[in-house]
Each structure stands twice: as structure tokens, then as C-alpha cells.
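Visitor: Each chain, written out:
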Amino acid sequence: MTARVLRLGRHAFEPDRLLVMAIVNRTPDSFYQPGVTWDPAAAMERVHVVVAEGADIVDIGGVPARPGDEVEVSEEIRRTVPFIAAVRDAYPDLVISADTWRHEVAREACGAGADLINDTWGGWDARLAEVAAEFGAGLVCSHAGGLPPRTRPFRVAYADVVDDVRRGTLALADRAVQAGVEAARILIDPAHDFGKNTWHSLEITRRLAELTATGWPVLVSLSNKDFVGEALDAPLDERVAGTLAATAVSAWLGARVFRVHQVRETRHVLSMVSAIRGDTPPALAVRGLA
Amino acid sequence: MAAAALCPSPPLLCPQLTGRRPVLPELRAACAEVVGRLLGDDPELVVIVGPAAATGTWDPGSRLDLSAFAPAIPGAGTGAAPLALGLGAMLLDQAGYGGPRRLQAIGQDEPASACAKLGAELAGSGARTALLVMGDGSARRTSKAPGYLDPRAAGFDAAVERAIRAGDLAALLELDQALARDLMATGRPAWQVLAGAMPAPAPATEVLYCDDPFGVAYLVAHLRPR
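First to last, the sequence lines map onto chains A and B. In case it helps, the working numbering puts the first sequence at residues 1 to 290. In case it helps, the working numbering puts the second sequence at residues 1001 to 1226.
Chain B on its own, in the form it takes in the complex (with noise of 0.2 Å):
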């Protein structure tokens, strides 16, 4: 494996959803600069890794359907990718990115060893494979949150962040799978496979935004195997 990027998946990533003015530029400059390190390591496959209703790959030219958010837009007819793919997708056109990519789905009720264990085929799907992880923290974090306050989001989200920063991965994989989605912690399956793709070693890792500007815990990280 060559590396790994983090990254969050709401739908205000996407500049066509957020209307005139701009909004998170310091979010959408770190999503940025984390798949520009992730491509600058000439990777001869990107693996985008997002949660969806179900574990499965889908073709690698479909992308978000834009007119399921924002009706006025276009939409992008059948066999749209799921939310967290998409803007993976989006987020390697942005940078240019024209290889090849696999959008691989983990299911959202996925066990953490299901997700393990896809990881590890990925990670063994060649040395220079790239992983872009799309998976967000809780949306419970304050009450003006989508899902409203919900104390034990900051001890969660504070969990993933630590794990992350000490490049812990394994500790992803004792995350509570009941407790993720009472917090509405869309994440969860994707960061446990990204903990299955990058045994120990722990990695080297470098967090480049960590923040919950409107509730939601939205974490852009790179990682890189020892």
C-alpha cells in the first residue's frame, strides 16, 4: 500500500450544492491538499472507500448524482454512486486525477471484522495503492447539530481522533458499532477498513483539519505505512 488519505463526506463538499457564497474554503483546501499527497505518490490504483446501504463496488465512471440534493442541477441519470463515493470521485477530479480508481462500498452495518478483513484484500491488491477513506464523525456533537446534542459524541469523536493522530488504527476497530450509529457516526465501517488495509506498523500520520463547524465531526488526515 502506498498511502492513505481521510476524509469527510457531506454533501457541502461539493461547490454546486453550497449556492453563491463559499463555505468551509479551509475544509475544502485540506480535502484538497490531502488527495494531492495522496496522488503526488504516483499511485497505480486509487481505492475510494465510503460507506453505503450495502458492500459492493460500482463502475468507476459513475459519480454523485447532484439533482438528489439540488433538484435545479442536472441530474446524472441512473447508476449514481452513493454519497460518500461520489464526492471521493469528486474530490480526484478536482485534483486532476485521471488513473485508475475502484469505488468500493463497505455496507454501513458491516461488522467491524467484515470491514477488517476488506481492507486487508485491498491493502494486498498491489504496493502502490492508494486509499481515500470517506467517513464522517458524529452529527450529534451540538444541539444545533442535524441529530441534535448527544453527549457521548465528543468521547467518540475524540476516540477516533486520538487513534488517528497516533496512528493506533486498531483502536478503529474497537469502535462501538451500536454507539456510531446512535450518533449518527456515518464513518465508522469505512475507518475500520482503512484499519484492516494498514496493520501494524502503526503509520505515520498528520491530521489537516480536525473541526465540527456545524455539528458534525468532520476529520482530513494522511497517512502513510512505515
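Here chain A stands alone, though its shape is the one from the complex (with noise of 0.2 Å):
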């Protein structure tokens, strides 16, 4: 299947578009940096930044992937709704993503302005794509193998995890499209690490193509996460270059939209590579020219 345009908020990219998503954690305790945005002045500063570094995404999330303490449904709302609404009102054209897996938490960020509902578990609440219908918003169909919101994977094993991510995120784009969600506004994101070890994500990562020929633009979210940290030994803090080659190379085997902490070296990377296969020419190209 050809790829197509994307419907994000107003806007309509073309496949050629490479878009950056940039996180922005309305928690204390996500596992990057924990808490750096907790503070809501610190969190506009962080859109503002985001912003002026490239972000085509703002994706504004309000319980960490990790197990830890219960986050309520009236928490989570309280934590990224109002958020939501002074960033819709800072800027009125910038795609606002809520990062949830509950439908009433969706409702009511879509309510105050969200363009896309980020549901990486799954679609374990099978009511978020109702309100994506409901609200004319885009949906992410993610792959989590099955397991619920905030666990880890145990001795997760797969035939062919591939074709699982494949087969799982293609029947959840179906069912939202069945629920009235707009085709153009679905992506499917194979959710490195969510029901998988580093050698699953490793080899999702190696046969991204397979996903991104079934013409549904493609998210990854691959930002310092632990199959980078496990496949280089690396810390938390120095997983940043083998993200970025994650990075390049789903890009260039059809990734659409980058889930990211690092916009600006995100923004670098992915201008790279549209030079490298064609999409872009160079910003400027003189040398050996004069």
C-alpha cells in the first residue's frame, strides 16, 4: 500500500514529512529525567523550547510507562487537561498530543484543544477510539503485547514479534476506523520495549518496513530507552547517539513521526536523512560548485 497524507489538528503532512514529536511529562517520576517538568512554568518552558527547536508534536502525558504509584483517572486529568489548554492557547496551530490510555482522561483533553490521543498500551480501553471519533482527533494503535497499562515484560516470547506488532496495530487501526476515527488521522507505533526485550525491539527496529508498507504512517518512540541502554551498555544519561542511530535508520525505512526528549539533534538527524534519499536538497550546497 502507497503511504499517505497524515491528519494531525489542522494540518496535513505529506508522506515525505518527517515529524518530530517532543515529550513533555506532566509527572515527577518518568524514567528520563524524572520530574524536570513537573513544575507547569517549567513545563511551558520546555513547549516554548520544544517549539522553537522544531517540534511539529507536543505529547503531554500524565503517568509514567513504569510500574509505580497509582495515578487516578482525576489525577491524570489534573495533571495534563488545564496544561493542555494553556498550551492550546500559547499556540493555536501546534499539534497538541495527549499520551493516554483512558477514555475519560481523552475526553477531556480532547475537550481542551488535544489533536491525538497517544495510546501506547495498546488499546487496552477500547472507548479511546469512541472519543477520537467523537472529537474529529487523530489516534495512535500501538502494540504492547497484550500486557496491562504499567507492567513489564516477563520472559515475553513471540513466534514473530513482527508480524504480531503487525497484525495487532493493523486490527487496532481497523476497529478505530470502524468506530468512526478518520483513516488519515490513524498511526501505528510498534512500542519498542512494551511487551518486549532488547532483542524484540531490536529486530522491530531492523524490520520497520514490514510496517510501514501497510501504508499506516509509522511512530516510533525510541527515546534513551532500555533496548538502546542494554544493546550499548549505556546509562540513562549517554543513550543519546544510539537513539539518534536508531533514529536514522527508522527514518529511512519509513518512520513518519519520532517520539523524542532531544528535538533539536532529532530535527538534525531526521533533515539528514530526507538529504540522503532525495527529499530534501541541501540547505546549501556551494562547495566545489563555485
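Rather than coming from a laboratory, the hints here were simulated on the basis of the structure. Built from N, CA and C at the ideal position, the CB exists for glycine as well. The hints are all genuine.
With a Cα cut of at most 20 Å, we get these calculated SDA-like pairs of lysine to any residue:
1. B:K1144 to A:R66
2. B:K1144 to A:P149
3. B:K1144 to B:D1212
4. B:K1144 to A:V156
5. B:K1144 to A:D237
6. B:K1144 to A:G35
7. B:K1144 to B:T1018
8. B:K1144 to A:P235
Here are some chain A residues pointing at chain B (derived, C-beta under 7 Å):
9. P67
10. A157
11. Y158
12. W199
Using the hints, put the two standalone chains together into the complex.
Guide: Now the structure itself:
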């Protein structure tokens, strides 16, 4: 299937546009730089910075992926929804994504101006798609191997992990279309490290073309994850280069949206991949041409 | 029954799955040693007992399908053994054992009575039968554990360790099935098979390894009937 236009908010992105989704965590305890944007002012400052650095989307979440203290629906809403409203006020055109698996939160988030629901937990809450349809929002359909939200993989085994990801995400995408979500607003995400060990995450990276070939726009979330850490034996604060290498490979294999902590570095990598592919001309080419 | 050995069954026992650096060499050495002792008795038959989705026996030639955990490794094809049995088979292979073996799965949801009954049958199969029992304690021992922290895990695993150290295997039959499931302690049915295979008097036991380096309780022990 050929790649299609991706619609997010008021925007229509052609298949050769590579998009950066900047992570803005409204949590005190996410795995990477925990609590750095827990303070609302710090979070808004982070939005200003990532927009200036070239982010196309901001992804706002209120619950860490890893297990930890229970975050009730009301608390998740309290953490994210007023902030989404504030970002919407400040940036009328910016694509805002709500990182949640709960339809109650998604409903409030869309009401406050979110354009996209980023469900990392594989459609655990089937009503998310209804909310996306109701608000004309987009939906990320991911693969978490059937794990409940906020759980870690334990001895997970797959006959063929890429096939499982492909079937799972396509089924969710079909379900979303059935629920009334506009097809042009649906993305699929293999969800590296969710329900996967490092070998599995490396395999889906290596074979990402099998997912991009489906025609659905593919989002990858690689940023500073454990599969990078284990591949390199690198602690959390030394995974940027590995993340960017995985980013380049994924872009080359057709991924279109990149959920990241490091916006500026990612933008450079994606621009370079676009230049190598011939999708965009160099910013400047005079060397040897004078 | 000749003797029994108890080993855990994490995929990381398999060196091909853990990358370039050695992982838990002490655990691997303890497993190798206890299997060596088991085989030192020159058993006629080694029965590998491990938890799986359902009770049943597997072809003695079947092995773990490493590709299920690491897709870059070539697959074992169809009929691959469940994790615990496959790792037991690997330990026997690593020890150079080429004699008769039986791969006995015990269903994850079997009650203690069924586990004990199976154990008694296995023990009755011959005076020189050896058991290699593959099973793990709770995977919820710390906040970094696969299943996160469950405060009940420490007590559960301590009871298992106490029972093994004392040779009081009847205590293993008292383990709460629902609690074991909550705690992701996959070894429960296999331990109860062991208890059925070694009724009174209490066997002589030696624990070679007991730790939880990744938040999962691993126990390596040797048990010999008195």
C-alpha cells in the first residue's frame, strides 16, 4: 500500500515529511529526567523550547509508563488537561497529543484542544477510539503484547514479533476506523520495549519496513529506552547517540513520526536522512560549485 | 528416587540470550554444579519437571526455541519445549548428559493435590530416577522487578526457602495457589510435584544459590532422600 497523507489538527503532512513529537511529561517520576517538567511553568518553558527547536507535535502525558504509585483518572486529568488548554492558548496551530490510555482522560484532553490521542498500551481501553471519533482527533494504535498498562515484560516470547505487531496494530487501526476515526488521522506504533525484550525491539527496528509497507503512518518511540541502553551498555544519560542511530535507521525504513526527548538533535538527524533520500535539497550547496 | 535438583528458569540462564557480557555467572555455575551432582548419581532416567500452560509430556528431543526470545537466533522449529523444560534440557545438554530423559510439564493451574500425585508417580517410576525441577519464586520482590513490588513476595519466598533448607517439603504443598499467581511465582506447581516425589522422611538438602538479582527469586538446591 502506498503511504498516505497524515492529518493532525489543521495540518496535512505529506508522506515525505518527518515529524518530531516532543515529550512533555507532567509527572514527578518518569524514567528520563524525572520531574523535570512537573512544575507547570517548567513544562510551558519546555514547550517554548521544543517549538523553537522544530517540534511538530507536543505529547503531553501525566502517568509514567513504568509501574509505580497509582495515578487515578482524576489526578491524571488534573496533571494534563489544564496544561493542554494552556498550550492550546499559547500555540493555536501546534499539534497537541495526549499521552493516555484512558478514555475519560482522552475526552477531557480533546475538549481542551488535543488533536491526537497517543495510546501506548495497545488499545487496553477500547473506548479511546470512540473519543477520537467524537472529537475528530487522531489515534495512535500501538502494540504492547497484551500487557496491562504500566507493567513490565516478563519472559515474553513471540513466534514472530514483527508479525504480532503488524497484526495487532492493523486490527486496532481497523477497529478505530469502524469506530469512526478518520483513517487519515490514524498512526501505528510498534511500541519498542513495551511487552518486548531488547532482542524484540531490535528486531522491530531492523524490520520496520514491514510495518511502513502497510501504508499506515508509523510512529516510533525510541528515545533513551532500555533497548538502546542494553545494546550499548549505556546508562540513562548516555543513550542519545544510540537513540539517534535508531532514529536514522527508522526514518530510512519509512517511519514518519518520532517521539523524542532531544528535539534539536532529532531534527538534524531527520533532515539529514531526508537529504540523503533526496526528499529535501541541502540547505546550501556551494562547495566545489564556485 | 535417586535425587532431585532445583533450578530456576529465567531465559537469561541461556548464554545466547544475554549478549556479550557474562550475566549472573554465580547462578549459572550453581545450576551447572547441581546438575553435575544429580548426574553424578548415574541415574537411569532424568525427569525434567517444569511449569507450562498445561500438564503433559514433551518429546525428549525437544528444546527451547531461542528465537521466541531473540528473533535474530535461528528458530528450533515446531514442537519446541516450554521455557522451563527447555532450560532444563539445556542444562542437561551443557552437562554432557546423553542418557534417557523425560520432559514433564505441570500445568500452571494444577492444584497441589494433582501436583503431588504426579510427583508420586514419577518417584515410583524407578529407584534411580532423578528429578530436575525447574521453578522460580516471586517476580515481584522489588520496585525494579518485572512485576514491580508486592510486599507479600518476601514472605512467600522465605517460606519456600525455609521448606527447602529444612527438607520440609510438605510445607510446599501448603503454598497458596492464588497468592503464587499474584506474585508471578511460576515455580509453585513444579515445587509441589517435587514435594509429592519426596514424601517423608525429610530429604537431606543443600542450597547452592538463593538470591534475587533482578527482583525475581532464584533458588538452586540439591535434595537427596535419606
